[in-house]
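K.L.:
Residue numbers (our numbering), protein chains in the order written: chain A, 292 to 665; chain B, 8 to 467; chain C, 460 to 556.
Check before you lean on any hint, since a few could be wrong.
[Said to hold, decoys possible] Covered, in the sense of this in silico footprint (three residues per stretch, anywhere, with C-beta under 8 Å from a C-beta of chain C), are these stretches of chain B: (1) 49–61; (2) 296–304.
[To be verified] List of simulated lysine to any residue pairs, SDA-like, C-alpha gap at most 25 Å: (3) Lys358(B) x Ile341(B); (4) Lys481(C) x Arg113(B); (5) Lys111(B) x Trp597(A); (6) Lys445(A) x Ile451(B); (7) Lys546(C) x Ala299(B); (8) Lys539(A) x Arg113(B); (9) Lys100(B) x Arg476(A); (10) Lys539(A) x Gln572(A); (11) Lys557(A) x Pro526(A); (12) Lys589(A) x Pro549(C); (13) Lys63(B) x His465(C); (14) Lys649(A) x Phe662(A); (15) Lys111(B) x Glu568(A); (16) Lys214(B) x Ala299(B); (17) Lys546(C) x Arg224(B); (18) Lys509(A) x Gln572(A); (19) Lys546(C) x Pro365(B); (20) Lys445(A) x Thr393(B); (21) Lys323(A) x Ala379(A); (22) Lys118(B) x Lys445(A); (23) Lys509(A) x Arg476(A); (24) Lys111(B) x Val521(A); (25) Lys159(B) x Lys546(C); (26) Lys320(A) x Pro489(A); (27) Lys546(C) x Ile341(B); (28) Lys184(B) x Arg224(B); (29) Lys159(B) x Ala530(C); (30) Lys399(B) x Val460(A); (31) Lys214(B) x Ala225(B); (32) Lys557(A) x Asp101(B); (33) Lys283(B) x Asp306(B); (34) Lys438(B) x Arg462(A); (35) Lys481(C) x Gly507(C); (36) Lys159(B) x Ala468(C); (37) Lys238(B) x Lys118(B); (38) Lys118(B) x Ala299(B).
Simulated from the structure, these hints should not be mistaken for lab results. All C-beta atoms, glycine included, are put in the ideal place defined by N, C-alpha and C.
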Amino acid sequence: MSAATHEADVVIIGGGLHGCSAAYHLAAKGLKPIVLEKNVVARHASSASAGGVRRLGRDPAEIPLAMASLELWHRMGDMLGATGDFRATGQVRVAETEADMAACAARVKLTRSLGYDFERLIDRNELRRLVPAVSPAGMGGIHVERDGYAFPFKATTAFRHKAEELGAVVREGTGVTGLDRRSDRWEVATNAGNFRAPVLVNAAGAWGGEMAAFLGDKVPIEPTALMMMVSERMPHFVDPTVGAISRKLSFKQMQSGTVVIGGGFKGLVDRITELTELNFQHLAQSARNAAAIFPIMKGARLIRCWAGIEGFTPDDLPVIGPSKAAPAAYHSFAFCGHGFQLGPIVGAITAELIVNGKTNLPIEPFRVDRFPAH
Amino acid sequence: MTETVDLAVIGAGPAGMAAATLAAEHGLDVVVYDDNAEPGGQIYRAVETVARDRAKDFAFLGESYRAGAELTRAFRASRARYEPGTTVWLVQKDRTIGISRDGKARMVAAKRILIATGALERPVPIPGWTLPGVMSVGAAQSVLKSAALAPKQPVVLAGKGPLLFLVAAQYVAAGVKIAAILETGARKWDALPHLWQAWSKTNYIGKGLELIRAIERAGVTVVRNAVSDLKAIGRERVEAVTFSADGSPGRIETALLLLHEGVISNVQLTMAIPVKHAWNATQRCWQPVLDARGNTDVDGIAVAGDSGGIAGAEAAAHMGRIAALDALRAFGRIDGPTFAAMIVVEEVAQKRLLAARPFLDALYPPPDTAAAIADDTIVCRCEEVTAGDIRKAVDLGCTGPNQTKSFTRAGMGPCQGRMCGLTVAEIIAAKLNRPMEEIGYYRIRPPIKPLTVGELAALE
Amino acid sequence: MFRRLHDNAATVTITIDGVTTKAAVGESVAAALLASGDPRCRQTPVSGAPRAPYCLMGVCFDCLMEIDGEASRQACMVTVREGMAVKRSPRPAPMTP
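Work out the full structure, taking the sequences as your base and the hints as a guide.
P.N.:
The structure is reproduced here in structure tokens:
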């Protein structure tokens, strides 16, 4: 390959939502980032995601970031010139039993105690008003306004295009084979040439653990294939994105009328070939969950099922912030299946850390050295 | 307990029937899944019904069609279990098969799988091809065979390839009025060097010339001056077809326009597994990579017949038997000498039939006209995505069909990309000036036929 | 658009959008539709354009119809039965913009 070394201000490893978001925020601050993507932009979790833009039910550690990110989602059109098809149709979590209702009340009480009021307890009537097609078993639940969903591939591409417009470079088909720090510069070897920059960002998703290891940071990460399925176009019957308290379900009717069903059911993953295999026994459970909350779905035809490769950590939280083992290197990976909503803000945090050396948002819970040695 | 079977055959066309018959004859537990109501595939569609209820239709349907009756009879007489009306929606590398019949889905574990899902007609994206009254030539033939339906008013057939002339000849023999045959592209003189080989080893050419003579004797107008710019004109349904021939415009009023540009391998299932595929530049389609006995790169999964490469019905039956013999050998149901003696017979017959292929491929070269498809022509019928939409997505940085899919929804409708996959990839290839191998194809994901949420939910 | 070459075939009675129609025993719903004189089977979800069966071999999914109450069935893959109720599929109600 080319012997020339390409220079940049920041090398970002990974062309998913988080890599492209970091590229945009860095370019907006006047830096020249270069994104290295081993496959194509948004190949895995960033296009296979169900696209939920959700604060509802988030781990308290993620709430401050999610609050800030939501504001960016609402400003996406102004910021990027494209909205990623974000639609603020709300999120609802359905309770089916008294125990579910108690869990809802406890959750809302928890977020209130932390100083947030975005989650709202709803009763049976309010649930029916918001989600007329819900099963009679639905007793109430939690509703969050201003949350919604976006189209993952388009959102990622929106960040990518704006970043490129501002001077960022995106290289597809460029997989990192080695990292080295020489005279205050990162030397990044790839299958398609060498790259050099003073600062490095690891946004490699399910492959982020390997990149972290190159830097000397140890993160136990499990690549996982989260499965999703989508129906034919159906007549309009639901607006908010719907989940359930005691079922694994993520359910939304897209603008096209198709219904996307997820919920964290896992397939098989082959990280080398980057292919996934679906597990239809698990998808059958996913179908049962969808039909239990939405009886209208029983006759709906599923057109396609798929899975995206995503990295999971033992505590189900992402890794965000500076490397502990290496200088001038930052992590933004392993979002454990709920990183889509956080994409806009984590890119901004990474850019702040690089340019200002600090961020006002609390990222301590996501530090890279929080895992016990293994 | 999961249901198990020695050999699961998918598809009951000539390859599937021949394979199942032979394998069952030697004691294998064989099941044949077929999404049609009776065996025969497309080529021998409804041949049992015709033989039973309206044998006089063989007079216009022809002798090569009648030949399917014998294959079907042998298949019915065999011990192979036949499951008609059965959709295969999943095949996994571990040879788990997901099927659905009468609204009930279930899983079957097969020791070996033979995929014999045949061919599809190459999509013909012309302006107006989504109008009622525009159909494929294969569709018209399908109802001619299965329901004895024929065009009410004079019909126009447009395109090229052996099937187009076969159907025209069947119409002529059945007394159906043909307004015109519009032959797209010039017949290629490049085909001539292959003529002798084809002529001397097979009777395809003789049969083909006979058909064309019969059509001409009937006084049918055949426009063979490299017809181009085909358009189906109409608002709620087709009213006319316009075209240019030798540079001059033409127009024919018609209520039925039949299109055909040859056939391509049906790779939906093999792509979904996925087995390894390669681009066939001559036939301009993707095909699974197979060894001489039809084995794919996935252990225990083989392909026979047109779904492994277009070779026609007779060759498909031989290929089916070759794959069945390989399975019998693997199961130890026949000894080495028997295997060797039997397989050589099939291989010789197979080679003789394949001799005509280079001639036909060269005579009817598949169109490489993606660049010429007008921007406002629909290429994805399900989602009504135009060629221009695909080109715009390429301008936005899409480098392959999976990305244009995300951007435009082309390939995301109920047909799951069957009708647009090739066209979309060819448009991208033409626009980026890259070879098809680099552009690739849709990642086909199961279920490869739509499955209801209720069916999936009831799966154990 | 299509006519029957034989008029002596055994028939069943089906309804298409409530209109009683004779269909030949053993033929597909799509064939019966083509023989009925009005080949339209549905309106597309995207533009509401009328469609008719195109490939008749289960590939194009253009012939999706409601058959005996079950939506989106491929009319070319379903054999007619006495008393079968077939409905053309209207354009699904679009999402609110």
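K.L.:
In ascending order, which of the hints set out earlier in this document are inconsistent with the structure?
P.N.:
2, 4, 7, 9, 11, 16, 17, 18, 19, 21, 22, 27, 29, 35, 37
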